[in-house]
Amino acid sequence: TVLKNNDLRSRQELTAHLTNQWPSPVALDSNVVALETLLYRRSAG
406 TVLKNNDLRS RQELTAHLTN QWPSPVALDS NVVALETLLY RRSAG
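Just so we're aligned, residue 406 is where the sequence shown starts under our numbering, counting upward by one.
Source of the hints: derived by calculation from the structure; they are not laboratory data. Check before you lean on any hint, since a few could be wrong.
[To be verified] Listed next, with one range per pair, are the computed distances between beta-carbon atoms:
1. N410 - V431: 27 to 33 Å
2. V431 - N411: 26 to 32 Å
3. R446 - N410: 18 to 24 Å
4. K409 - V431: 25 to 31 Å
This one's a predicted model, so the numbers in the text were calculated from it and none came from an experiment. Even for Gly, the Cβ is constructed at its ideal location relative to N, Cα and C.
Whenever a hint applies, use it, and build me the whole structure from the sequences.
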């Protein structure tokens with residue numbers, strides 16, 4: 406649970422960072438999808 410909470414906080418911080426770096430909705434969507442995939446693969450082992 407702690408790891409999941411840390412992942413959520415990290416994702417929020419990263420999303421905010423990506424939004425600041427690349428405000429383009431297309432770029433943001435691509436980054437979110439890539440991040441979701443990464444988190445899923447890591448949690449799934």
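Here is what the structure says about each hint:
Distance hint check: the CB atoms of N410 and V431 are about 30 Å apart, consistent with the given range 27 to 33 Å. One distance hint, 26 to 32 Å for the beta-carbon pair V431 and N411, holds here, with the actual separation near 28 Å. At about 19 Å, the beta-carbon gap between R446 and N410 stays in the expected band of 18 to 24 Å. A hinted range of 25 to 31 Å holds for the C-beta pair K409 and V431, which are about 28 Å apart.
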